[in-house]
Each structure stands twice: as C-alpha cells, then as structure tokens.
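Colleague: Here's the letter readout for the chains.
There are 2 protein chains.
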Amino acid sequence: MHIALDAMGGDRGTEEIVSGAIQAVCRLGYYVTLIGDQAQIEKALKVQLAALKNCDAVEEHTFTGDVRDRISTIHTSQVVEMGESPMDAIRKKKDSSILVAFKQLNEKHVDAVVSAGNSGATLAAALKTIGRIKGISRPGIAGIFPTLKKPLVIMDVGANVDCRANHLYQFAIMASAFSKLLFDIEKPRVGLLSIGEEGGKGNALVKNTHELLLSSGMNYIGNVEGRDTFQGDVDVIVCDGFVGNVCLKLSEGLADAMVAMLREEFRKNLKSKVGYLLTRKAYANLKKRTDYAEYGGAPLLGFNGSAIICHGRSNSRAIMNAIKVAAELARNNMNDHISNLLAKDQTLSANLSNIA
Amino acid sequence: MHIALDAMGGDRGTEEIVSGAIQAVCRLGYYVTLIGDQAQIEKALKVQLAALKNCDAVEEHTFTGDVRDRISTIHTSQVVEMGESPMDAIRKKKDSSILVAFKQLNEKHVDAVVSAGNSGATLAAALKTIGRIKGISRPGIAGIFPTLKKPLVIMDVGANVDCRANHLYQFAIMASAFSKLLFDIEKPRVGLLSIGEEGGKGNALVKNTHELLLSSGMNYIGNVEGRDTFQGDVDVIVCDGFVGNVCLKLSEGLADAMVAMLREEFRKNLKSKVGYLLTRKAYANLKKRTDYAEYGGAPLLGFNGSAIICHGRSNSRAIMNAIKVAAELARNNMNDHISNLLAKDQTLSANLSNIA
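First to last, the sequence lines map onto chains A and B. Here the numbering used here is used: position 296 in the first sequence is 805, and no number is missing along the way. Here the numbering used here is used: position 247 in the second sequence is 756, and no number is missing along the way.
The following block holds chain A by itself, in its conformation from the complex:
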C-alpha cells in the first residue's frame, strides 16, 4: 500500500504529519509519499528520524527495515490555506500540495490520499482529478462516531449543505457499504435523522427521503432522533451535510464542555481531587473510546478513489490511523462495492425521477 500524504495540512504543522507517516511505515509497513514544501518536510524528517533511529522504537511495529526506503517526497510550491475559498484555490493553485496529492492518486502512483488541510479544497481537488463514481450525484464525507456499541457512520457531515432526497438516499448506500467494510456489519441498520420517530415527522427533505428509503433494499429502520445516536442501535445515519456537520461539531463541543465542567467540580475540594486521581485511568479509557484519532478522520465517499480528511488538530496517531483506514478502503475496492450496490438497488433509478 502506498499513500499520498498532504504534509502541509493540519494545525500542528508538518512535523506532526511526518511523525504520522513514520508511524504508518513502522507499524503498517506502508509506503508514504509526503507532498509539500521540500525543505520543511526534510527538516521535519530529520528531526523525527534523529529521535527515532529505526522502527524498533515504535510500539507494535511490523516493519524492521530503513524507514527512509518507504518514505518519498514530492515538492510543491503552494498551499491552500484554511480560510480560502476551495473552488478558487483549486482552480488557481495548480501546484498546491492537496491537488498534487490527488493527481498522484489519479495517475495510480498511490492507492489513497490523506489530508488534514482545508476540507472543501480536498473535495474540490478530488472532484477535479479522480471524479465521481458513475451514478453518484453527490459524493460526501462520512463521519465516524463512537457509541456504546459499534461505531456509527453519519453521512453527510459537511460536503453538501443543501440536499435533495436522492442525495440522502445515495449517502445511505455509500455509508452502508463503508460500515459493512470497516466495522464488519453484514446488514448495517440505516436510520434517517429526524425529530420524531414516526415516519411522518420531519422536514420536507426527511419526508421525501423516508419514502425512498422505505422502498429500498437497504436495512432501513426508519427515523432516528439525536437521542438514539450514541446508544449503538443504529449503524448508519443519513442527513444533509449542514445538519451532519452541526452534529459533528456539537458533539465535540459538548464533550469538551462536560470535561471542563467536571474538572471545575473536581478542583473544589481535596476529596474529589483524590477521587479524580484514582479514576484517571477510567477517564483515559473514555477519552480513547471517544477519540476522533481512533479512525483518524472522515472518509470521502463517492469518488473514484480512496481519501480521508483528517481533523485539523490531528496528532500523529490520528494521521497514522487515517492512513490505515484509507489503505483498507483501497485494498478492499470500496468504490466497486458502492457501484455494485448502486446497480443492484433498482429502486433508485425507478424512484429518483418521481421524488427529488
């Protein structure tokens, strides 16, 4: 497996990204091409490899050769900044790291792309290079959420802010294929995010999507509410990218706030301070269970190729895990699964012309 990694994305700088690349080489044995400013990358590599020497120092390593043999670099002169308009940036910055990464994928020099940079630019670069799977009208971003049982996939979490019913229908197909592949769920239970459990409840988009999903071949369990999200009783939830992105960020914000509030409470007296020390391991475990770094990022689904968008604040572990998931999608021909599901699902072609 060979992954193109955007070395210029992420809030923590190139060194953190490079560290993730080294971990991917040592632990997974993959090849990584770092794309970005050559001088910055070489400097980061030098620092990281000086600290490490060889893979023996990396926990759970499987590769024992020379790390540098599996890391290559491509110099690019431009970067798409976080605030930039994605479409403009991709049009103008022909030598940006993210666009060059996707060109590598399009030319089959690599198997997948991973980036922690501007999400919109990543989508735009994918659209411009590898393009959409035939029959998919709107590729999207699938978010992976922790639950009390198996992880939950919510799609779309930000690529498509204004959607029609057939888009949500296709999200259900794509997210089901992803859930099946990554979490080994034979028939993922698909729920439609709404504000009431009865099929008649919701906004216009939800009502139309409900009709489409009811007549599909998917394991559709009906409307689900935000309250059900984290119980683990649904494997895939579909919604438009506006609602999905709000959910993603709200969850993050609430988890952070709860931890901050608890910390304030712990500090109030000695007894609870001591209690906190005794429960630290439990907190560390909770953090691990709910850590976005566990899966590294959010996969782009619906494109002719594998790509993962990482959280801006990704650490090296998140980058490594994103590389792992991206490779898994490529190795298992995720896109073929989506194409097959699309072809099999006759409802789609029959119904899309009626409702939309």
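Simulated from the structure, these hints should not be mistaken for laboratory data. Hints may be right or wrong, so weigh each one.
You can't tell identical chains apart in this list, so a pair holds if it fits in one copy or across any two.
Said to hold, decoys possible - Using 30 Å as the maximum straight-line C-alpha spacing, the simulated DSS-like pairs for lysine-lysine come out as follows:
| id | residue 1 | residue 2 |
| --- | --- | --- |
| 1 | K643 | K617 |
| 2 | K555 | K710 |
| 3 | K780 | K658 |
| 4 | K716 | K612 |
| 5 | K601 | K710 |
| 6 | K797 | K780 |
| 7 | K643 | K710 |
| 8 | K790 | K777 |
| 9 | K796 | K777 |
| 10 | K777 | K658 |
| 11 | K562 | K637 |
| 12 | K716 | K601 |
| 13 | K782 | K617 |
| 14 | K659 | K780 |
| 15 | K853 | K796 |
| 16 | K552 | K612 |
| 17 | K833 | K612 |
| 18 | K797 | K696 |
| 19 | K777 | K797 |
Computed from a predicted model, the values in this text were never measured in an experiment.
Go by the hints and put chain B onto chain A.
Modeller: Only chain B this time, still in chain A's reference frame:
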C-alpha cells in the same frame, strides 16, 4: 400568580405533576389550577398531601397556609396522547386538558400554562386560543442549554421544521428578549448556527439570514459553530426547528452516553470504584449544572401569553421550575418586550419583503 397546569402530560403520571404543583404553592406561593381527569387528580392530591401535611415539610417554602387553598382543579374528559397528530387532536378533542388550559389563559383566569404533554398539541392549542403576537409570523420553542458560563438560548428547537430567513430573524428577536429577561443579559450576543465561522458559509437559509441579521439592531456576532455552543461566549443561537431539535436531542443523547461509558469504566477495578465514590459530589454538581429540570422546560415564544413545554420525563422539581419561569415571563410582560423590539427594529419591515 396563577398557573394552569396540564395534569395529564408527562411520562411519570399525574402524581409527579401534582407534586410539582404542591412545591410551586409551598415554595413560590403561587395559585395552581390542575386540569385533567378529576378522579386521578384528587387521588394524586390525596396521596401527596397525606405524605406532606403542610408546607413546613417542603425545603425553602415561603407559603405557610393550607396548600389546598391555592390548588384548584378543572375536570376534562379527554387527553391528547403523545403519538397523536397535534392539529387533528386539537380540532377533535374540545375537552382535552391542554386545550382547556389554554382557554383558561385566553380568558385571563390564569397567567400562564405549563404542560409536559404532546408539544405539537401544546403549540396547536396556543395557536387556536391565545394566538400569535401581532407581527410574529412563526412562534417557536426556545431551548435553554447549560454552558460553562451563563445559560444559552437556542431557538427554534422544534416548532418550525422548514423556515425562511425572516422566521430565523424573528427567533433572534424573541430569544434575545427572553435571554435579557431571564438571565439578565443587557445586550444578548446573537449567533447564527452554521458550519463555518465566515459569513459566506452555510446553507441557503443561513446565508439569507446572515444578511438580515447583519443589518439589524441586535448584538449579532455572526456565524457560530456547534463547537462554540457550550463555551458560553454566545447568549442566543438561532436555527430552524429541525436543526435545533436535533441539537437538543443529540446533546441529551451524548451526555447520557458519556455518563454510561464512564460508568462502565469505573466498574472495571476497585481503585476507580473508590475514586468514583470520592467524586460523587462532583458528578452530582455536574448533573445539576446540566439538568433540564433547572429551568423546567422550554418556553413558547411569540404567542399572546406565557407557556412552558416541559420535557416528557419531567420530575416534580422540573414542573415547579417551569411554573416559576412561566410566571416570571407573565409578570414581566415578556410579550410586550417582544412587541416593542419588533416595532423598534425597522430593518425587519424594510428587509423582509426583499429576502424571504
């Protein structure tokens, strides 16, 4: 202050509601009219008052007379069930507890209505009886969320699933008036829920609303993301009722799931079990800080009268607090404040015809 309380709503039954009414009498000295099945109410009153004797047994009581002097009842023969279609139910069930409660308000026999029953039916009953404030096109439900600082008001959290920009604009006016009154915030900071902080980001609804709010006289701070929600740096967030309801239920679901996960972790060994015992007070405080019961429920804003919708699983404390907030809205003529803000805000009339 005199409150009409729907005795038939809520998942915990009439006894819990009646207990809330008794607390309101003892602690706040208010008059409460319980509306519902007479036999059930009398039975519940008998049980609760037998346990209590007089207000001396109620913590922080201010009333010392006979509780029964301040509790009256009105018998109704019908109930709107949770699953029922609100519009149909209110049309057909002329003698339902929720409709009779609002008729009492409309005829000025009481100052406010509190119900833990079917939210849609509560809205429909309000619309049919007291009606909308002049100039308000869509009344809505304001949700109160805990943050690290002062509570945050999000509107709408479920009354209006498909909205236009002028509706969100009016939510901002109403929620600002509420935030100012209840939390004593001179110029509430108003944020527009979106998926990016720049004004250009969001769906079509958000972009249109952004323009309206920019030219308003409100303390508009621009787009906010779900991540900011719980930090306490914004006082009012506006969004459509679909997104707001998803946020409300997602927050509930996530908080429950985090607590459940922590509990699983605590059970894993003796050390963390002991640690948990030492930090129990901190948890109890966190629970109190994030408890929906603190404000009792969600106020309906935009109607010609005060009403609070309580959570289905409200306990007696939540009912008592809802009565307290409902009375506060009535006593301070909340609706006049909204009318004044509407009249003052010239932007509204000038702009609404252009964007919508």
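Colleague: Run every hint past the structure and note whether it holds.
Modeller: We went through each hint and held it up to the structure:
Only within a single protomer do K643 and K617 lie at most 30 Å apart by alpha-carbon distance; the minimum there is 19 Å, versus 64 Å between protomers. Within a single copy, K555 and K710 get their C-alpha atoms no closer than 58 Å, and across copies no closer than 39 Å, so neither meets the 30 Å cut-off. Taking identical chains as interchangeable, the C-alpha atoms of K780 and K658 lie at most 30 Å apart only when they sit on different chains, with a minimum of 25 Å there against 33 Å within one chain. Taking CA atoms no more than 30 Å apart as the test, K716 paired with K612 passes in neither setting, with 40 Å inside one copy and 33 Å between copies.
For the identical chains of this complex, K601 and K710 are inter-copy neighbours only, at 20 Å across copies versus 45 Å inside a copy, given an alpha-carbon limit of 30 Å. For the identical chains of this complex, K797 and K780 are neighbours both inside a copy (26 Å) and across copies (19 Å), given an alpha-carbon limit of 30 Å. Taking CA atoms no more than 30 Å apart as the test, K643 paired with K710 passes between copies only; the shortest distance there is 29 Å, against 33 Å inside one copy. For the identical chains of this complex, K790 and K777 are neighbours both inside a copy (21 Å) and across copies (10 Å), given an alpha-carbon limit of 30 Å.
In this assembly of identical chains, the alpha carbons of K796 and K777 lie at most 30 Å apart whether taken from the same copy (23 Å) or from different copies (15 Å). Taking identical chains as interchangeable, the C-alpha atoms of K777 and K658 lie at most 30 Å apart only when they sit on different chains, with a minimum of 17 Å there against 34 Å within one chain. Taking the shortest Cα distances, K562 and K637 never come within 30 Å of each other, neither inside one copy (39 Å) nor across copies (76 Å). Taking CA atoms no more than 30 Å apart as the test, K716 paired with K601 passes between copies only; the shortest distance there is 25 Å, against 41 Å inside one copy.
Taking identical chains as interchangeable, the C-alpha atoms of K782 and K617 are never at most 30 Å apart, the minima being 55 Å within one chain and 54 Å between chains. Taking the shortest alpha-carbon separations for K659 and K780, only the inter-copy value of 27 Å comes in at or below 30 Å, while the best intra-copy value is 35 Å. In the homo-oligomer, the alpha carbons of K853 and K796 never lie at most 30 Å apart, since the shortest distance is 40 Å inside one protomer and 49 Å across protomers. Taking identical chains as interchangeable, the C-alpha atoms of K552 and K612 lie at most 30 Å apart only when both belong to the same chain, with a minimum of 25 Å there against 75 Å between chains.
Taking CA atoms no more than 30 Å apart as the test, K833 paired with K612 passes inside one copy only; the shortest distance there is 20 Å, against 63 Å between copies. For the identical chains of this complex, K797 and K696 are intra-copy neighbours only, at 27 Å inside a copy versus 40 Å across copies, given an alpha-carbon limit of 30 Å. Both within a single protomer and between protomers do K777 and K797 lie at most 30 Å apart by alpha-carbon distance, with minima of 26 Å and 15 Å respectively.
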